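*Asks:* Below, each chain spelled out in residue letters.
Number of protein chains: 2
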Amino acid sequence: MNERELAERIKEISVAEFFEKNRHLLGYENPTRALLTVVKEACENSLDAAEEAGILPELRVKLEQVGEDRFKVIVEDNGPGVPASKLPQAFAKFLVGSKFYRYRQSRGIQGLGISGALLYSQLTTNQPARIVSSLGRRDPIHEFELMIDVTKNEPVVLSHRRRPNPDGWHGVRVELVVEGRYVDKVFQSVPEYLRQTAIVNPFASLRFQGPNGHSVEYPRSIKELPPVPKEIKPHPHGVEVGLLGRMLKRTGARTLLGFLISEFCRMGRTSALEACRTAKLNPNQPPQKLSAEEISRLHRALQQLKLKAPPLDCLSPLGERMIEEGLRRLFKAEKYVAVSRSPSVYRGNPFQVECGIAYGGEIGEFQLLRFANRVPLLYHQGDCALTLAVKEVDWKRYGVPHDGFPQAPMVIMLHFVSVWVPFTTEGKQAIACYPEIVRETKLALQEAGRRLFEYISRKERLRRARARIGLFERYIPELAESLEKLTGKPKEEIIERLKGMLDEEG
Amino acid sequence: MNERELAERIKEISVAEFFEKNRHLLGYENPTRALLTVVKEACENSLDAAEEAGILPELRVKLEQVGEDRFKVIVEDNGPGVPASKLPQAFAKFLVGSKFYRYRQSRGIQGLGISGALLYSQLTTNQPARIVSSLGRRDPIHEFELMIDVTKNEPVVLSHRRRPNPDGWHGVRVELVVEGRYVDKVFQSVPEYLRQTAIVNPFASLRFQGPNGHSVEYPRSIKELPPVPKEIKPHPHGVEVGLLGRMLKRTGARTLLGFLISEFCRMGRTSALEACRTAKLNPNQPPQKLSAEEISRLHRALQQLKLKAPPLDCLSPLGERMIEEGLRRLFKAEKYVAVSRSPSVYRGNPFQVECGIAYGGEIGEFQLLRFANRVPLLYHQGDCALTLAVKEVDWKRYGVPHDGFPQAPMVIMLHFVSVWVPFTTEGKQAIACYPEIVRETKLALQEAGRRLFEYISRKERLRRARARIGLFERYIPELAESLEKLTGKPKEEIIERLKGMLDEEG
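Heads up: the sequence lines are chains G and H, in that order.
Oh and the first sequence: position 124 is 180 in my numbering, straight run, nothing missing.
Oh and the second sequence: position 232 is 288 in my numbering, straight run, nothing missing.
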């Protein structure tokens, strides 16, 4: 091969082509999961948009069977809508989104989800997506037919119609025809996904119409949105040296001091001056001009600084009451416990773990329910930090036999909330095993385990006491007779007295 | 929020930024694995390049500790080199590569690997990569210092020096300074990765110099390259309707018939005409103008066509002899078996599974070694189609107790080769569970299991026979004495005769 040939082989690949060939990375490795992934991506976008705009979410999800292995998926919300000028990009171009750059809790983050659904649809059925949206009041209703130009990763607008909007409707309606397989009554299914979604989003109203006439409605059980999680700035301890370099280059601040104070959280004037002093840098110099060596010094100085943990109003946990309520709605158990840990930090990202246990009653085998930022995780359980933590807890200490997982009639629910969820794949089904995350999850589980143990051991004590009493009761008449002989007291009186003593004890 | 604000929030994300924030997807979730990933990406590129150019690969890998948690990684090869005009892009831009569009077996595919290593290096140490390359003879030696402009996903060339090349050196030398942790004597380590790489690439010569003075050399044991795998065209059965549509739009063919014959494998004139007839399409019409409906009809017609499986010279398996030899070099066992299945197809991609078992001898606990296209897979064992297949085999049938995995002193080696390996993440450590792949792997394991069973049961029969003979031998003198009494024959003769009979039987 000569130089020209060698050079010609080296080509650019569009990110859309990459995901077309690697569609299993996005959750499209088989028709059953593909159908679920399409629904999931649309619902996550809808819930995020409504919540962020301060609107109580109302979602309608409909699956129509249009061929042996084909479904029309319709997801409609009452959110703020997407501006028509940006709609084609937001839906039909990979790596476009509104959430990637923000340090704030949200369901979607990566700018891949809904474009992945459109790509899968056109790959398997070659039909355009129909997206309808309006911002309400003065905006008409926009109807788009979109496809993705895969080679360029650019949207192709096949049609854009405007319709009058007399009622001021706002929201988004997504219609996709996809290859898929519909299942219900199993864990990894659309109905189960929606059921679990309703549980952790009790302020949302969900309606589902399945392909087989099956339909179900989850009305909201809370009439108020949770406090909107705040956007925060990065914490100095979580910033790697390369990223610090990029932040310095592109900042608008005129002095290093100004940069440090304005671009990070938890950095006051005193801390910023201290960092400059430690790094032997002039706080008044322009931040854009630091050399690689100076950036490294600044990075080390920032790591050594004693700082408060990042602020936590960027997180929106469920809270213990809501976890317990959720479990009560899902399972008839004997005992419920819920633990909401206080927030912690991994690589500068605030996060929080919540845990609930439902025990006994009608529960059969052990089951684990995982959630991240109010989204149920139904796949890749084996590969998840939350699962690892469950396996690493020594459940015997809490009166529960185990063999990897607990071997008991119990359900564990774990909820991970963070400004940035480190998913193991773009399909967002498992959390990467960062040591800090596993540790915090174990602490949550251990606390829940202790509370469960109090119940289990009280119950066990009671059971033993009852057994003892039962045994004793059987011998009371005989005992009374002997005592009558010894004491001369009538045995009826003695029996009464002995029974009274037992009752007191029980 | 008003329309402008809503619109402004929607932004493009560069693919480099995406992977910076999601670096665990590329294999950089902790310092130990990160160091391994850097070495792995460089070695895969080197082996692919040399092999493809028909050069027996010679690799040198060196790790120098340059700080508490910092290493300089140097990987040098004797491959064809990379043309200087394309080098910055090939190394410092994501989604650029030479292998993505080809249907051919190779180690790397995605155009992410080495750029990921550069990104990790600059993120954790803020230092440029040093890449040295030459095409040999008339080309000078080019020395580049590169970084990635993460916001734009473009290379930044800090320096480019040309040096004389009197000896006509050709190859690539990569030098990166990265944050990492060095371990050895464990499975997930650089030395183990290189040891396993040497085993499945016996035509390569590898030299490794570790940070602690430890150095090791794997000279090549075979002086010839395996036949270069051929590039093939896609098979009609594996093409999805959306992709078919794209192929039709961008083909240079002037008729539909010409398109079908030239762009697919296993499509002769007869099959192509039959497909047109079934789809009710004129074979002489221009292929670029088909409507969505016509494309769907064509797609269905292609699926129904009876066609030969794709040609298989695109695959380069190890073969049974090399698998057995590899296992012999790694383990002192009692028995070795090797099975190389004939190729099969998933989603139009030819693939092949090979399996080896080493049993007994000095082997302790069960161990599984996984490989894909001659690359060892050291992480994510739990999430891999190969692992799933091992667990699904009923090992008891082959005389091996099991509990998920076999519970016996044995090592299973599995090698997956294909023109396209469906890895579960960009870090390329596990194969997605496509049903066809799991099934073929199970068949390979079952065949190996049967061969192993022959050995195990023969050994068991022998053991029993020996035990029986042992018992008998003890009673021979007594028996001989009684027989002497009965027959009058001297007992010494009888003993001799009985022993002779036993020897014949053993």
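No lab work stands behind these hints: they were computed from the structure.
None of these values were measured; they are calculated from a predicted model.
Some hints could be false.
Given that identical chains are not distinguished, each listed pair holds provided it fits within a single copy or across any two copies.
[Said to hold, decoys possible] In silico lysine to any residue, SDA-like type, Cα no more than 20 angstroms apart, as pairs:
#  : residue 1 : residue 2
1  : Lys447    : Tyr435
2  : Lys77     : Glu319
3  : Lys364    : Tyr402
4  : Lys545    : Leu363
5  : Lys77     : Gln166
6  : Lys447    : Phe461
7  : Lys128    : Ser352
8  : Lys345    : Tyr402
9  : Lys286    : Ala523
10 : Lys77     : Glu492
11 : Lys208    : Ser70
12 : Lys77     : Phe422
13 : Lys142    : Arg517
14 : Lys279    : Pro339
15 : Lys498    : Leu386
*Asks:* Work down the list of hints and note, for each, if the structure agrees.
*Replies:* Results of checking the hints against the structure:
1. Lys447 x Tyr435: Both: 17 angstroms inside a chain and 19 angstroms across chains, each within 20 angstroms.
2. Lys77 x Glu319: Between. Shortest inter-copy distance 18 angstroms satisfies the 20 angstroms Cα cut-off; intra-copy 39 angstroms does not.
3. Lys364 x Tyr402: within (14 angstroms within a copy, 54 angstroms between copies)
4. Lys545 x Leu363: neither (78 angstroms within a copy, 102 angstroms between copies)
5. Lys77 x Gln166: both (19 angstroms within a copy, 10 angstroms between copies)
6. Lys447 x Phe461: Intra 5 angstroms, inter 18 angstroms, cutoff 20 angstroms: intra and inter.
7. Lys128 x Ser352: Between copies only: 17 angstroms across, 54 angstroms inside.
8. Lys345 x Tyr402: Close neither inside one copy (30 angstroms) nor across copies (54 angstroms); limit 20 angstroms.
9. Lys286 x Ala523: neither (56 angstroms within a copy, 77 angstroms between copies)
10. Lys77 x Glu492: Between copies, since 17 angstroms is at most 20 angstroms while 34 angstroms is not.
11. Lys208 x Ser70: both (6 angstroms within a copy, 14 angstroms between copies)
12. Lys77 x Phe422: Intra 37 angstroms, inter 35 angstroms, cutoff 20 angstroms: neither.
13. Lys142 x Arg517: neither (65 angstroms within a copy, 76 angstroms between copies)
14. Lys279 x Pro339: neither (50 angstroms within a copy, 62 angstroms between copies)
15. Lys498 x Leu386: neither (23 angstroms within a copy, 38 angstroms between copies)
Violated hints for the displayed structure, listed by number in ascending order: 4, 8, 9, 12, 13, 14 and 15.
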